[in-house]
Amino acid sequence: MIHSFIYTLKCLMRQKYQLFWNLLFPIALGTMFYVAFSGLASDEAFHAIPVAVVLKASTEDIDYTSTIPLLSASADENNSFDSVISSLSESGGEADSFTSIIDSLSEPGDDQFLETTYTTEKEALSLLQQKEIVGILYEGQPVRLSISTEMTSYKLEQSILNAFVEQFNMNYSALSDIAMNHPEKLAAAAKALSASADTGADYNTEITYAKGNMDEKLTYFFNLIAMSCLFAYSGGLQVALHNQANLSALAARKGISPMHKLISLLGELCATFVFHFFCIFVSLIYLILVLGISFGSEGGYIALAALVGCIAGVSLGFFVGTIGKMGEKTKYGILMAVSMICSFLSGLMVGTMRLFVEQVCPWFNHINPAALISDSFYALAVYQSHDRYFENIAILLAISVILYLGGFLMVRREKYAAL
Amino acid sequence: MSTPIIKVENLVKRYRELVALDHFNLEIEEGEIFGLLGPNGSGKTTTINCILSLLSYDKGAIEVFGKEMHPDSYDLKRKIGVVMQNVAVFEELTVYENIGYFCGLYIKDKALRKQYVEEAIDFVGLNDFKKFYPGKLSGGLLRRLNIACGIAHKPKLIFLDEPTVAVDPQSRNKILEGIQKLNREGATIVYTSHYMEEVEQICTRIAIMDKGKNLAIGTTDELKRMIKKSEIILIDILDISEEDIAAIRTLDHVYDVSFKDHKLEILCSGGKHNLLRILHYLESRELSFGRVYSELPTLNDVFLEITGKELRD
Ligand SMILES: Nc1ncnc2c1ncn2[C@@H]1O[C@H](COP(=O)(O)OP(=O)(O)O)[C@@H](O)[C@H]1O
Ligand SMILES: [Mg+2]
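Read top to bottom, the protein sequences are chains A and B. Under my numbering, the first sequence has 266 at position 266, and the numbering climbs by one with no breaks. Under my numbering, the second sequence has 127 at position 127, and the numbering climbs by one with no breaks.
Isolated chain B (complex conformation) (with noise of 0.2 Å):
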């Protein structure tokens, strides 16, 4: 196996007495879309902080580029770009310039950097900005510009942390759309945010994180078998008997039901045709029912497994 792109061992970080990361854990592919999913406070923005030698840290060692990180790493900066949480960028200049400022404190040739700029600004689509400053901007469009400024210098390893936070339906879907592209054209990506949907949508990979915690890491898939349930049956009923619902607990692979406002919920663990013997179950004892739904689980449902606690805020 080739080094990790990124590899943290064992970060530990106070802030006074808060402990933001636990003796955190993560390794990166190169290639990848990682994504570091966890609610707001999990400590997200810190790991990523500490990575960038922005932050200084109580223990642990970090690697980049199979190098160690300090703040003068300039060779490594040089191959980083950031999408911080916080848009930064100049109130007094424009689009255009915003753009050309932070690309030139990464490449020193005009032409060059000439070049890259109209690329970043056709990337995200602010053809129209260009000579728009960023107060006038709507939100979406200035988190674009924020994108803009941080991955003008194509950079070979992107960090955004939480960029779709505060986004319209149709900004989120073309940054989504982006990151994948700059993934396909080579970069390493990685991406934090506490939704979830983002997160199964694009990610390669992906490290559920909680009170500095690494809980679980791997695909979507693999985050799913790792937990017991596996299906969710819904079934809009208008009665059942409580023998009845003892009767469904005991059929294979169901492992907890569940019945409340007209509604039977069945968990299920594994198994194949889960739903065709319930419906069976159902139609030897002759109950009627109305709509049925089977749901696979959510990395919600992970994180509620995980954690006890649900991902949504």
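So that you can see chain A by itself, here it is in the shape it has in the complex (with noise of 0.2 Å):
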């Protein structure tokens, strides 16, 4: 056993498409993932916008015949915040607050989310309609947001100010609170403000924070590992193809020797899952530590799933290399499919993929591989409790026992009607 298992690592690791399909391509689609979120999200992020700022000392009489076409946009106006921030602009520090957020918000640096020019109302109005300035933030109770509509090109930029505005408004007396009493901790709650108005501005989803930050995209990079494990596939379709001696000549040959069929089989599987598992991890640890995904803190659990995942991509590729006497090239296209099939109903190429096949038959959901795999991670990124863990963990593994035992039927015949 121990034999056929070095030879068969051996093997694995030399093998060429193993290592693309099963290293390279996961890392490669990892970090696609990660340049394409990150051109949709941080691009803006790191670029900042410009705004005008118009502190009611400033105002005057607004001219509102302009011609600039303007939105004015605000918080709800009936807003549970109104009694504490009018007994706050009573005292004085709102003024202080808004100021002193804006500004450390559009401190230079990498992370600098606006360009603020302090002007009067009237300057600001030429601003904008020079498209200078992306929009115009007044001062007051509560802040206001003037955007122009011809600015067609800054969609983006006015809808994260419009978020922020939202957010500002709506967390005014914690961020006012800070100001007061906490001012060094101004700087990071003001961070915070305006990277949910980002995800805010971007998504327009509601975010689950039932633990961490639970990102949309995140379920992008947890697919991708569940279709590297079905991936595994390929390495159990070899171990078939390899034993079943109307299957390869190289069958034939073992079939003849006195090696007892089911040892050199366990020791062939048993290297199987471990190179899959060693490209699973590699992959994972790329994800994590280099695109800096985060897959929740309990490695544990996360390879444990990532374990079952290759143990169920690898019975699959057996279990289908077992039946029918097609070739090895009709199995292979018949697993690429399948898994595709099961990686894309899982939601790897579309996010919504998944939720859509929840509501049309959604007991699918519960035997594909790739949804039970990406689910598990999800579930450990997302519930303080593990039951909806090891749910999954255990349907992946009652399926891949299910799919070896019809594998092994299969294979233990010794003599074959014709080679």
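Read the hints as simulated data drawn from the structure, not as lab findings. A few of these clues could be false.
[Unchecked claim] Subject to a maximum C-alpha distance of 20 Å in a straight line, what follows is the list of computed SDA-like cross-link-like pairs (lysine to any residue):
1. LYS155/A <-> GLN167/A
2. LYS228/B <-> GLU265/B
3. LYS415/A <-> ILE62/B
4. LYS10/A <-> TYR133/B
5. LYS155/A <-> GLN130/A
6. LYS7/B <-> GLY66/B
7. LYS130/B <-> ARG14/A
8. LYS415/A <-> GLY60/B
9. LYS415/A <-> GLN85/B
10. LYS415/A <-> MET69/B
11. LYS108/B <-> TYR96/B
12. LYS213/B <-> VAL19/B
13. LYS110/B <-> MET1/A
14. LYS415/A <-> GLU68/B
Two chains, two frames, some hints: make the complex.
As structure tokens, this is what we get:
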């Protein structure tokens, strides 16, 4: 068994296509996802948004006959914070906290959020007309935002600003409190505000803050690892082909040796697990350490999910490999299609796919190995309890056991009608 | 007589409608180099795979080393080495590792295995290619690797299924010499081929098979004696009359005469001094002739006479 194990591992490590699909491909795809997502979000975040700030003191009579079509955005006037805020405004700390927040967000640096010009309203409107700025922030209760409908190419910046103003107004009291009592923490608070404005504007989704930040983007990476796990089918397929005399010359050659079939089979399967688990492990390490994708903090459980995922992937290949006399290429094709479909339905390419499946035929998400694997990661990252995680793992193991048993029944045969 | 090392009785094997082996019988004694000679598709590979218990068969009995052979006859399999018709090696393993892997299926002891692998590499002359991957080997070298994988564990009984197909003459000679060496070292060899020259060259006994039947069995000489033709005399001659041809046909031991392209072909069966007798006749008729050849029959002639068709493809 150790003999088979060692040589199988050697073979796997030298197969270029195995290394490509199981190691390079997930890493490359992960990097692509990473670049694509950061292209959406951080590009704009890193470029500070030019705004004009009009303080109360410099507010003149507003000339609404201005030629620029303006949209004014402001938080709900009947905001529950109103009373608190109005009391704050009496204290005169209001102006201080507003400007200090704006100032801290305008500090030059990598994460500069705003590029602020303090000016009069008139001046601000003309800047807006010349498209020098994206919006005008009016100090006030609540803070108001004016943007120009003509600046269509700045939609994203506009919506980020809008979200920022909403967040600002909603959290006004807390911010004022920080500004007055813990000014040293203001920068961090402001940063959090701008960051959430960023994501809020980008995705318009409700974000689950059950346990740490759960970002929609993360599920893409979970699905990616799930797909890599399924790719372990290639190893399982090889084990099947190498042990059925009517499928390959190598299997026939082994069949006439005194090595017990089940023993060599076990050795080869173990080597295949180890190889694929190693590949997934490296991919995970890359995603977590190099790209900084957060898979949560429970390393052991993450590794277990990856291992079970590999076992399931290998079982899929092994089972399909053992049935029928189709050629290697045909079986490879079938498995490729199956794994891609599973990955697609679990949301690898289109993030909302899983929700769609959940509505159309919910049972499928409970037997789709790709969905089960990625949901295990999701459950780890989001839920406090491990119930859902273990449920997924259990189903995966059950599916694997069934596939292995089926495969064993097929390869157990030792005499063939034809080779 | 000792029990034969292989005994096949009334073996019938069908692939659906096609009868690949039709009441096939075979007995091979220890120490032989036994040749299974037959054209492509005659059932040589099928016979071997049945003996090895890889294929199921419809009827008959097979004994190896005096015991019935089953897929789980591991004690028997341990003593058998097989060089399959299709090269079966791992593309991802080097020459050395491939032999090591297959040898390891039989030999557990690591030191002994290492020694055997080295000896096998030496035996097939792949010393300069130890670190090569099979993809980088030429056809002949690949075949030699395939052989090394089959015999590294020093089996007592070795099957070689067409080991010289598509092999350059140099490799072929090396392989044939090697087989004889293995035999001298005590292994019994079962060798299949559709090249009669090879079989004639190395085999101690030969079975001629066609369409799943064992047509004749014996040593080369025995087989040749089985057929009528024992000598073929060819004479270059410009012209000869029908009467003279008829007269030659009546000579002792001559059973057929033909004349074509200025070549007189005379088939003789048995007897001695056939050539002399014919030359005397030609001289007495004052016929002038050119070169004269006398040939002994080949296995091809044997095959031709038994089946009515040529063995060559
Ligand atoms: N797997 C198979 N399925 C159907 N027919 C086969 C199969 N293998 C061999 N045959 C047929 O059985 C006959 C004997 O084949 P084989 O034993 O390979 O001949 P040989 O080894 O002498 O060339 C041939 O007619 C061949 O077509
Ligand atoms: Mg053959």
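For this session: Give me the numbers of the hints this structure contradicts, sorted from smallest to largest.
Result: none
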